[in-house]
Amino acid sequence: MTVPFGWYLFLSALLFVIGAVGVLRRRNAILLFMCIELMLNAVNLTFVAAARHLGQLDGQLFVFLVILVAAAEVAIGLSIIIAIYKSHRSVDVDDLKLLKW
Amino acid sequence: MTGFNPLDYVNSSDFLSTAPELLLVGVGLLILMLDLFLPAKRRELIVQVTVMGLLLSLAIVWIGWPDSQSEAFSGMLVVDGYSQFIKMVVLLGALLVVFISGRYLRNEGIYVAEFYELLLFSSVGMMVMASGANLLTIYLGLELMSLPLYVLAAFLRANRRSTEAGLKYFLLGGFSSALLLYGISLIYGLTGTTNLMALQHSLASLPVSPPLLVAMVLLVAGFGFKVSAVPFHLWTPDVYMGAPTPVVAFMSVGTKAAAIAAFARLMVVSFGGLQSSVWASMLIVLAVGSMVLGNVVAVVQNNVKRMLAYSAIGHGGYLLVGLIASMKPGSVVGLPDGLTSLLFYLFGYLFANIGAFAVVIYLGREGQHESYEDYSGLAQTRPWLAAVMMIFLLSLTGIPPTIGFVGKFYIFAAAIGSGYTVLALIGLLTSTISLYYYMGLGMYMYMRPPVERHVFYPTRGLTISLIVCAVATVLFGILPQTWVHLAQSGVLQLWH
Amino acid sequence: MEFIKTLFNFPQVHEWLGQAGYPAVYLGALAGAVLALLIAAVPILMSVCLSPSRPSAAKKAAYECGVPPVGTAREKQMVRFYVVAILFVLFDVETAFLFPWAVAYDMLGLFGLIEMGLFLAILIFGYVYAWKKEALDWVY
Numbered sequence: 415m416t417v418p419f420g421w422y423l424f425l426s427a428l429l430f431v432i433g434a435v436g437v438l439r440r441r442n443a444i445l446l447f448m449c450i451e452l453m454l455n456a457v458n459l460t461f462v463a464a465a466r467h468l469g470q471l472d473g474q475l476f477v478f479l480v481i482l483v484a485a486a487e488v489a490i491g492l493s494i495i496i497a498i499y500k501s502h503r504s505v506d507v508d509d510l511k512l513l514k515w
Numbered sequence: 079m080t081g082f083n084p085l086d087y088v089n090s091s092d093f094l095s096t097a098p099e100l101l102l103v104g105v106g107l108l109i110l111m112l113d114l115f116l117p118a119k120r121r122e123l124i125v126q127v128t129v130m131g132l133l134l135s136l137a138i139v140w141i142g143w144p145d146s147q148s149e150a151f152s153g154m155l156v157v158d159g160y161s162q163f164i165k166m167v168v169l170l171g172a173l174l175v176v177f178i179s180g181r182y183l184r185n186e187g188i189y190v191a192e193f194y195e196l197l198l199f200s201s202v203g204m205m206v207m208a209s210g211a212n213l214l215t216i217y218l219g220l221e222l223m224s225l226p227l228y229v230l231a232a233f234l235r236a237n238r239r240s241t242e243a244g245l246k247y248f249l250l251g252g253f254s255s256a257l258l259l260y261g262i263s264l265i266y267g268l269t270g271t272t273n274l275m276a277l278q279h280s281l282a283s284l285p286v287s288p289p290l291l292v293a294m295v296l297l298v299a300g301f302g303f304k305v306s307a308v309p310f311h312l313w314t315p316d317v318y319m320g321a322p323t324p325v326v327a328f329m330s331v332g333t334k335a336a337a338i339a340a341f342a343r344l345m346v347v348s349f350g351g352l353q354s355s356v357w358a359s360m361l362i363v364l365a366v367g368s369m370v371l372g373n374v375v376a377v378v379q380n381n382v383k384r385m386l387a388y389s390a391i392g393h394g395g396y397l398l399v400g401l402i403a404s405m406k407p408g409s410v411v412g413l414p415d416g417l418t419s420l421l422f423y424l425f426g427y428l429f430a431n432i433g434a435f436a437v438v439i440y441l442g443r444e445g446q447h448e449s450y451e452d453y454s455g456l457a458q459t460r461p462w463l464a465a466v467m468m469i470f471l472l473s474l475t476g477i478p479p480t481i482g483f484v485g486k487f488y489i490f491a492a493a494i495g496s497g498y499t500v501l502a503l504i505g506l507l508t509s510t511i512s513l514y515y516y517m518g519l520g521m522y523m524y525m526r527p528p529v530e531r532h533v534f535y536p537t538r539g540l541t542i543s544l545i546v547c548a549v550a551t552v553l554f555g556i557l558p559q560t561w562v563h564l565a566q567s568g569v570l571q572l573w574h
Numbered sequence: 019m020e021f022i023k024t025l026f027n028f029p030q031v032h033e034w035l036g037q038a039g040y041p042a043v044y045l046g047a048l049a050g051a052v053l054a055l056l057i058a059a060v061p062i063l064m065s066v067c068l069s070p071s072r073p074s075a076a077k078k079a080a081y082e083c084g085v086p087p088v089g090t091a092r093e094k095q096m097v098r099f100y101v102v103a104i105l106f107v108l109f110d111v112e113t114a115f116l117f118p119w120a121v122a123y124d125m126l127g128l129f130g131l132i133e134m135g136l137f138l139a140i141l142i143f144g145y146v147y148a149w150k151k152e153a154l155d156w157v158y
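Protein chains in written order, with our numbering: chain A, 415 to 515; chain B, 79 to 574; chain C, 19 to 158.
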């Protein structure tokens, strides 16, 4: 007896929506970025749950690669945010006004 | 598990068929080491190594042009004429960008080795996307393409516009690839596979259900972002304006080519079944929005880079029209189908767009001399430069005898052949609007008196690439047949 | 753990669980979590309730003996850590590939060894680059 597949899907959808709403509502670049990471983790949960549900390993393999890509994204994102902080003295996306959004 | 032998899954032909990509990765690593261990005086070697690597990779693509589709790495990648055509576009784009960026990099104080390094890795990502036959490889290619581009967009660390462009591109890009990935995970959950061919079989028996629709919307959003289709275009004008010009030139052609190639392969191979009309209607919204908004908003711009950004949105719309046309059988007799037109359009867009950005680089440093007024009287001060710019603008508008005309003609013809007459009409109408702003710039160059200043930044590389782009734009506009046949044979190989 | 098992082995519990449709195996984990919370919370609550409390300025200082603190603990971190931190994130996660390889080593054999060697070689390229670019040095 295990947790049904649908519950996992629901949880991951919830996580994903929390992340997506965060991206749209938050103004601090680092928080925005953490919300994106949350979305990626929701994706990972879906993959693992689906792989288990289907009795395959492909989904778990996907997760490895997503984690690695996310790590590379973290490194690049943080570097860019630091560069922004050095040039703008702020990481609030509302302060980025040189270019019209 | 006895009797498991990894060599059953990998063989030497896998490495041979991915040789162009592997070579570029090797060259990238070589550049890293050259940068560390070469004395400062000999750093010029890095440029030469980059150019040689790209040329060699292009040669391998050209010599090994396949007659039929073949799989590599257990079907994770496929090599066919379609993928090779896109790789050719990407490599040519990268080469031209290396040529136009030489002096620019020195003027802006950009670190040369890292610039070329990231350019090469990004090209590899684009090539992987073009070959990707599994949603996993397509995603990995997309990230390998995007991550270096985020850095490149923010490359001028002291320039506030550039870092801002980098952050915007990164945040919105990360968001969109998360959307794409969630779409992929849902598709995987629904069908149990991520292989494009296997997906086709699973989807054939799967009705259009809400989860499938959600997954599809997410996939469309992810790819739409990379093609900068409305409503996922918000980043485009800002990034094009703030990012270093050679990067924008590369991005505008390469990202678009790779993303639309992978997207088209997904749509045509996997989703080309019974419900293809549902998916097509989704794309029609994007295509119409891009064509209309891109071209209309471009009219009111006064910054050339920003104008080219909005025009890039419009061109994304035309490419989508080609894709939509290819999702329904039928074509005008004697003219190529939607996908062939799409490939040819990309080929033409490559020369015209990179040429136009080369002129921008010729005219001024980053952030300077980008307004229309700075182009006043260019026909008197630099008649040849004005002439080639005029050729590029004509091609982007789609006026004969340029390559842009042929591409647009094929795309609209394919749309009419598949029964999307209204779409073709909207395309024609928006092209007329684009005439207004492209020729507006032409008016400044030819009708206005010259402005006082006009420091130019010519280099041999810039001149060469301007000549190549202009000649290609006109020559292949008159004699497009070779490339159309090449594209057509590639498209026919998509289904083996 | 035997205790928890017997606790949940009553037929009534099973019946109730069956009605609720809840996967029973996880109730053990839940019980464990509650127990852990209690074990942590009870002593703290007891010490709050039972011990006498007569605060004075000297006792409230962060260190009763020693140097008085200069500022708050909520200070910004040194920027010099960030490059190391970013590099750590990158190289740390790469081990995600090493574990599956190590588990399946005898099946993958020489081929797997060469593949992993190539993978590590590429990583080392990056490492050497970071090193020579003085990304690991102390930034002043």
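Quick caveat, the hints were computed from the structure, so don't treat them as lab data. Be a bit skeptical, because a hint or two may be false.
Unchecked claim - Pairs of lysine-lysine, DSSO-like flavour, derived with a Cα cap of 30 Å:
id, chain 1, residue 1, chain 2, residue 2
1, B, Lys119, C, Lys77
2, C, Lys78, A, Lys500
3, A, Lys500, C, Lys77
4, C, Lys78, B, Lys119
Unchecked claim - Examples of chain A residues toward chain B, derived with CB under 8 Å:
id, residue
5, Leu445
6, Ile450
7, Val483
8, Ala485
Nothing here was measured: the structure is a model prediction, and the numbers come from that model. Don't be surprised by glycine CBs; every beta carbon is placed ideally from N, CA and C.
Each hint tested on the structure:
1. Between lysine 119(B) and lysine 77(C), the direct Cα distance comes to roughly 66 Å. Violation of the 30 Å bound is thereby established for this hinted pair.
2. Restraint check for lysine 78(C) and lysine 500(A): not satisfied, since their Cα atoms lie roughly 39 Å apart, outside the 30 Å limit.
3. The hinted pair formed by lysine 500(A) and lysine 77(C) fails the criterion: a straight-line CA distance of about 42 Å is larger than 30 Å.
4. The suggested pairing of lysine 78(C) with lysine 119(B) is violated, with an alpha-carbon distance near 64 Å, which exceeds 30 Å.
5. Of the supplied interface hints, the one on leucine 445(A) is violated, with its beta-carbon coming no nearer than about 11 Å to a beta-carbon of chain B, more than 8 Å.
6. The closest approach between the C-beta of isoleucine 450(A) and any C-beta of chain B is roughly 5 Å, which is under the 8 Å cut-off, so the hint is satisfied.
7. Interface hint at valine 483(A): satisfied, since its Cβ lies 5 Å from the closest Cβ of chain B, which is below the 8 Å cut-off.
8. The interface hint given for alanine 485(A) is violated, since its Cβ lies 11 Å from the closest Cβ of chain B, which is over the 8 Å cut-off.
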